[in-house]
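Construct the complete structure from the given sequences, taking the supplied hints into account.
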Amino acid sequence: MKALMFGWEFPPHILGGLGTASYGLTRGMASCGDMDITFVIPKPWGDEDRSFLKIIGANCTPVAWRDHDWDYVNQRIGHCMDPQDYYDLRDHIYADFNYMQHLNDLGCIEFSGRYPENLLEEINNYSIVAGVIARTSPFDVIHSHDWLTYPAGIHAKQITGKPLVIHVHATDFDRSRGNVNPQVFAIEKDGMNWADHIICVSDLTRQTVIEKYQIDPRKVTTVHNAVEPISPEIEAIEPKKNTNDKVVTFLGRITMQKGPEYFVEAAHRVLSKTKNVRFVMAGSGDKMNEMIKLASARGIADRFHFTGFLKGKQVYEMLKSSDVYIMPSVSEPFGISPLEAMQVGVPSIISLQSGCAEILSNVIKINYWDIEAMADAIYSIVTYPAMYDHLKEEGKNEVDQIVWEKAGQKVIDIYKQVLGWQ
Amino acid sequence: MKTICFYFQIHQPFRLKRYRFFDIGCDHYYYDDFNNESIISRIAEHSYIPALQTISEMIAASNGKFKVAFSISGTALEQLEIYVPEVIEHLRNLAKTGCVEFLAETYAHSLSSLYDEAEFARQVQMHVNKIKNLFGLTPTVFRNTELIYSDEIGEMANRMGFKGMIAEGAKHILGWKSPNYVYSCGAAPKLKLLMRNFKFSDDISFRFSNQSWASYPLTADKYMDWLTETPENEKIVNLFMNFDTFGEMQSKESGIFDFLKALPQCAEIRDINFQTPSEVIKNNQAVDNIYVMHPMSWADEERDTSAWLGNRLQKDAAGKLYSISERVRLSHDRRLMQDWIYLQSSDHFYYMSTKHSSDGAVHSYFSPYDSPFDAFTNYMNVLGDFIDRVNAQYPDTIDNEELNALLTTIYNQDAKINQLESEIKKLKSGKKKAVNSGD
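For the record, the sequence lines run as chains A and B.
Heads up, the first sequence is in my numbering, so the first residue is 1 and it goes up one at a time.
Heads up, the second sequence is in my numbering, so the first residue is 1 and it goes up one at a time.
What the hints contain is simulated information worked out from the structure, not anything from laboratory work.
Hints are all accurate, no fakes.
As a list, the in silico EDC-like pairs of lysine to aspartate or glutamate whose alpha-carbon atoms are at most 20 Å apart:
#1 Lys54(A) <-> Asp140(A)
#2 Lys315(B) <-> Glu394(A)
#3 Lys315(B) <-> Asp389(A)
Looking from chain A toward chain B, a few residues come up when the C-beta cut is under 10 Å (computed):
#4 Val270
#5 Thr274
#6 Ala373
#7 Ala377
#8 His390
#9 Glu394
Just so you know, these numbers come straight off a predicted model, no measurement behind them.
Cβ coordinates follow ideal geometry from the N, Cα and C atoms, glycine included.
And the structure:
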């Protein structure tokens, strides 16, 4: 079966969960056998893992004819895409896009690969490029990851008539706590209407899609995310804890959706009773300064630490030195990071308003606003060794069973259903 | 002639209220009175009261041929006394009929038999005294919390002077043997054992209203036919279940009360009678010894102690609780002793079970907690405060033995002083008389 996938992020140059999930899911699907996957991203860097799929860069796909020889093309984009693909794509340009400003020397549109100010413009450009890609090689099904790629998916469906599966990794309702951006909402709704089937990463998200976007429940299926098994390099990382105090860690974007202020308040409650605990907020975000001020206002700045954005290995070094991991998200479509914490044996506390709470048992679950329950849970893990040991061991056992192969198989089954194959 | 031996358990613990770690040191009252009151009032209304009335009628109608036994935990008795005293009245009336036997158990419905023999014996004595005070009867048959039984426990029961004990007719213990005989405890053969027939007991308590059960609907006639079909040599059928089967687990609408009422008649025409545990023990010989090395119970699929002590959390909590057992007994503070009893109820540990599947569902039925972790954290916080209070009684630099010796000396000296004082008084008044009469 051939699948054409549209994504926005791909490891190692990721900004959030979308890239991690895209990678894990496609790898899981590839390992189920019999899958031929082409994955489109705006801006590949060349160091992506291509062992199980083919990557096409939107910024390497020409929308206007330019004549260059092989060596030149190879020198320009050879590190991230096969030059032959460039020529094949060039043969399928379907309209004259020369009017577009900022086309580069290869006749391609530039993409940032991130979430810039002109995001909507980039999304539109992406869907134009999708028209070339969709015409170039045959495939059976189109799969669009997250709202940024829905217009591209729709365009591909319009051209080829192949079924479209969209993957809702998050909705604007989660990101904005109800205050949706009308343009984003319109794109999301359009994608859902055009889709032949909708995959959501949790029942929570599925409910949002059904209720807030008024979609028929039969068209929506939940396929829970999973987590990649830890690599030997990560296994080998030594924890660098240089304090006897217990460390409670929050690791994620410091933004409203992640509920950082509840963490600070809970820390204050814990520190009013116990002394030997330290709290770490790892990450950066628009609310970071506000949190620094809040910690100071509560008088706990001496035991509350901010690390800034952590990359790659640093994440695991931080996790391994932690005694408790906490994710008090206000609305989390899934949340892969608690699974990563549990993989390295860190007892976790998560909010009931997160998608991963639906599939995890060996974690402590609390409502994000219940600061007392959060503080009590933190106290319990750092004070009662039986609780710490139980969550650490049983948590790891549980997470080791949550593998992408299972999710991958579910997606393939959905493809078959949509294609009418059995 | 076959005999049915009915035994009903009544137990409710003092459930804990939401107790956070910042309450430690400040709040010394641990119980959720509202929840406990609602639960016991509800169960009394749906189950205990109508069922007790039904049994009373059945005894009268059968001219005293219908007999049953009850085991009611101390914590349940206390809550009934406070919240639903009518139930105590009904039980008293039943006691007077002479057709109802009361069994002994641990006052707190606790796991003390597995941890601390002295505490175990103390609680059993407490319970026996309570039964005597309330109902005027002295128990001679013992049943341990949730039918937890082992050779050791049998020995302890024998030492305490009981004639018989109730146990679960678990497959892994009986093997090919049938529960429908009287057995004796291998480690102390004077103690007779009555083994629960779980198939017939659970037919009533679990399967009765299950419409997808092959034998649904169950009538008294059908049930009695099954009993007559058991092999001729098997003379007794031990039906042990929770008393709230009648009206709570099996609702009134399921017809459970009508089923119960019809039993004596259907039994009589098939030559089946009813006896209390003591009578069964008296009238039957033990056919064999039963040896149980590792404790068994009537709980969950495994029929062992894993329902309360299966995971790390449970073991840790119970271990911590009993680690201060001796220390608590050295204190004589009334509030402390009361809390000590209430904190020992096996239910607290039951709620911490992490078992899944159908067993898990049973565990969460009366649980006030959302998760076993919640149960553990809450209990440990309460325990933390309790232990602080116990330690505050006497400095913990003195160990238990020394403390015990010192306290004994102090009390003895106290008694000695009192005795000497009264002697002095006597002598003084004697001297006065002598002086007076001497002039």
